[in-house]
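J.: Sequence order for the protein chains is A and G.
Heads up: the first sequence is residues 1 to 111, going by our numbering.
Heads up: the second sequence is residues 1001 to 1112, going by our numbering.
Rather than coming from a laboratory, the hints here were simulated on the basis of the structure.
C-beta atoms are modelled at their ideal positions from N, C-alpha and C, and glycine is treated no differently.
Treat the hints with caution; some may be incorrect.
[What the hints assert, rightly or not] Now the stretches of chain A that chain G is said to cover, found in silico as 3 or more residues with beta-carbon under 8 Å:
#: 1; stretch: 7–20
#: 2; stretch: 36–50
[What the hints assert, rightly or not] Heads up, incomplete: computed chain G residues facing chain A, CB under 8 Å, no partners named:
#: 3; residue: G1028
#: 4; residue: F1045
#: 5; residue: F1102
#: 6; residue: Q1109
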Amino acid sequence: NAGVTQTPKFRVLKTGQSMTLLCAQDMNHEYMYWYRQDPGMGLRLIHYSVGEGTTAKGEVPDGYNVSRLKKQNFLLGLESAAPSQTSVYFCASGDREYEQYFGPGTRLTVT
Amino acid sequence: GQSLEQPSEVTAVEGAIVQINCTYQTSGFYGLSWYQQHDGGAPTFLSYNALDGLEETGRFSSFLSRSDSYGYLLLQELQMKDSASYFCAVRDNTGTASKLTFGTGTRLQVTL
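Bound conformation, chain G alone (with noise of 0.2 Å):
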């Protein structure tokens, strides 16, 4: 089966930078995905990563490596709307390749 790692919950304050680790555990891996979701909210995609490296995508940038199971997202410039939770999620091959599995979240609080 597959698991996901992430931290339950991060501070950071207002301008700085932050950075969400997601590990993860599966077979016939083809990428990770990363949404947001605001409280009350649905969740809204932010990025992809198939292949090693950084994806930047204006302040919020996602990593991934292959090799170590490992991948995160970086927001830059934090502002209060930032505030919400993060959630990784992997795509694979296990029965077909048209789900994602989630992680379970974590909650960003970005204070003044």
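This is chain A alone, in the form it adopts within the complex (with noise of 0.2 Å):
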């Protein structure tokens, strides 16, 4: 099993572009999650899905969509990148909502 895999794992944007991140999980898992870590400010959750074809916002979710068309794959979308927007993007899945099984990770960077 791959467990939880992301892509891409490194990113560079102009302020103003869009892009799509993947995340996929192949552990059958109902949950899954998108989240955001920054230097000194621990991991917070975007946007979540608790089942194939539901979405729902978390704690920082403006300028972010998310589509969970199929239930192993969970896409986060930047439709016009901002500087702000510079992080560490981390998914997660679960059958558990207290145990996630987290991805590697993709690093942005918005110039």
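Dock chain to chain to rebuild the complex, using the hints, since each chain is given by itself in its own frame.
T.: Structure below.
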């Protein structure tokens, strides 16, 4: 099992560009999450999904959109990137809210 | 809203015992999770407490007191590989019960 994978691992964007981060899990988990991690701020929840076809806003959803068309995939979109979105993005999945399995992360820089 | 407090840094000697505290404020509390994250790596799940008391998993134990809104992670027989950041996270029912709110993390440095 690959667990949770994220694509890409690194990306540099210019302000105003768009991109999509892909998260895939092969554990048949119902719940999937997108977090961002900034120095000294821990993990902050952007959006999450409790099942295929569902999405919900987390703590910091502005500037991001998500889709969960297939159970194993959770996509995070940035429509118009801003320097404030420079961060490390982690995807996670799980069947129990308290026990989440994280992907390796995507390091995004917006210039 | 929710808030969690944990020390930003802790230093301990190899072979010793260290306790990382976490206090929280939230409504509709369900439980407290702990995660470990090495530099450059992804967080990994360590433990979860829904009820008062101590949960032991090998060298790691986690404690919860719901009445005090307080928990801690206890690491015994410290090893150099335990140097990492440790996050507490509350599971609560604000909105839905399907998410965690993480603290800002405690950086543990294990020295010789």
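J.: Run every hint past the structure and note whether it holds.
T.: Tested hints:
no., hint, result
1, 7–20, "violated (count 0)"
2, 36–50, "holds (count 8)"
3, G1028, "violated (13 Å)"
4, F1045, "holds (5 Å)"
5, F1102, "holds (4 Å)"
6, Q1109, "violated (16 Å)"
When held up to the earlier numbered hints, the structure conflicts with 1, 3 and 6 and fits the remainder.
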